[in-house]
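J.: Residue-level listing of the chains:
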Amino acid sequence: MNFTFTPDQVAMRKTIVDFARQELNPGAAERDRQSLFSRQLWDKCAAMHLLALPFPEQYGGDGFDFVTTVAVYHALGYACKDAGLLHALTAQLICGLQIVLFASDEQKAALLPDLAAGRLIYAQAMTEPGSGSDAFAMHTSAQKTESGYLLNGAKTMISNAPVADRVLLFAVSDSEKKAFGGISCFIVARDAAGFSAGKAMDKLGLRTLTNGELVFSDCQVPASALIGRAGQGAMLFTEAMEWERTLIPACLLGEQERILEESVRYARERRAFGQSIGEFQAVAHKLARMKMNAELGALALYSAAALKDQHKRAALETSTAKLFISESLKQAALDAVQLRGGYGYMTEYEAERELRDSIASTLYSGTSEMQLNLIARLTGV
Amino acid sequence: MDTKNAIRDFITHEMLRHALETPLGDDDQLVESGIIDSLGVMTLLSFLEERYALQISGDDLIPDNFSSISSIASLVEMRRTS
Ligand SMILES: Cc1cc2nc3c(=O)[nH]c(=O)nc-3n(C[C@H](O)[C@H](O)[C@H](O)COP(=O)(O)OP(=O)(O)OC[C@H]3O[C@@H](n4cnc5c(N)ncnc54)[C@H](O)[C@@H]3O)c2cc1C
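Which chain is which? The protein sequence lines are F and R, in order. Residue numbering for the first sequence follows this note's numbering, beginning at 1 and increasing consecutively. Residue numbering for the second sequence follows this note's numbering, beginning at 1001 and increasing consecutively.
Please note that the accuracy of each hint is not assured.
[What the hints assert, rightly or not] Using 27 Å as the maximum straight-line C-alpha spacing, the simulated DSSO-like pairs for lysine-lysine come out as follows:
| # | chain 1 | residue 1 | chain 2 | residue 2 |
| --- | --- | --- | --- | --- |
| 1 | F | K312 | R | K1004 |
| 2 | F | K14 | F | K81 |
| 3 | F | K44 | F | K14 |
| 4 | F | K330 | F | K291 |
| 5 | R | K1004 | F | K177 |
None of these hints come from the bench; they were simulated from the model. Just so you know, these numbers come straight off a predicted model, no measurement behind them.
Could you build the full structure based on these sequences and the hints that come with them?
T.: Next comes the structure, spelled out in structure tokens:
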């Protein structure tokens, strides 16, 4: 067991930290205020190969292992104060990983180069107005036709939806089988007839990420739009969640480490009753807990990432990492506001934005309650 | 223990939450009867991949391959010889 980064990973992380601070952070507060997704910053991230890291070189990727990808996104989460942009990037990578794992060679050759270069933006559409946690209770249908499939239904809250050029859509292709064997995954182009995307939904946090509705109304797609085999959707999604529940927490852990660092600095500098507030045990213990959670989160994260690198099953480990890191981040962000007193509540400072951004992390990619259900089941309860 | 019995044993003791009145047959429908769902498959895969030192991914991850103990055993045999 080796818990240290390689010299190459250290160098990559340093480059990414410098990049994020110089290129991504300026204007982050204003973009949040305006709910602005910046295509220009997306392109800059793509130029830094942030969307190419884990994909095979033959398809325009960089061919890095998953642990390295996770290490880079961990550094990005630490340095980049635009959490919405980070979420948009990870949504793209998750779509790409599903294509790598399940698409045909022709589909990989057709789709991955534009995805890895960030030329086209991807969204993954599972959630519907009537089904979120109970994802496989979806109603969007994919009816087999002579030339392919006819899609009907609506998806909601989908990350990148308002700006997406391509959507990985999950739909019921066999209502008899429904959840297992009845759901398939399709790639749908933005200009497909019968497909439309709604406006960006206004949100509490992650305001630079666009989320929205997708509507499929007699949308005809060719048979070649099917990703994987017919009926493979639920397994594809379950597998994809293991990668997602590692990659997104990498960013969340980085954010938590930044919050800790800034909170320690503040606790040392801010004085009350003739001493720095960090000397009060009530404050110091908050920081100690943040540190402990960050250390444990890192262990959970990299052990899950190492398993996925070896293409091993890691439902338990990835859910544990996602649950622990997201809940720890939310608590850290709340504590960071508390230890800044009234300043923590003012939008002029960053703590309130970090708190708003952190709240979604225990909702998306499976709520905390659903992670606990899953962990309980995998523990044999 | 042969492959089918090892699979039967794992499903019965590790995946099912309640005791069965009759033991699982080789051709009992696992998916249709709800004994196996997508997460269940992942659990079963962990067991198969570790026990038989093989990897099952991509095209093999289709419900038909997990519909019964016989079909799971066939998949294992196929991957062991390939
Ligand atoms: C920022 C953001 C980005 C998102 N991006 C995407 C995306 O890209 N693609 C996509 O498909 N979806 C996306 N979603 C949707 C997200 O996956 C769902 O919101 C989430 O799965 C929860 O579903 P729901 O909102 O319908 O809540 P519900 O499922 O209605 O749950 C409501 C509450 O009930 C609890 N609950 C439900 N069932 C159980 C149970 N069995 N046991 C215990 N408690 C339970 C939940 O934990 C929750 O607290 C995104 C959401 C957000 C906030």
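J.: All hints, please: hold or fail.
T.: Results of checking the hints against the structure:
no. : hint               : result
1   : K312(F) - K1004(R) : holds, 22 Å
2   : K14(F) - K81(F)    : holds, 16 Å
3   : K44(F) - K14(F)    : holds, 17 Å
4   : K330(F) - K291(F)  : holds, 14 Å
5   : K1004(R) - K177(F) : holds, 25 Å
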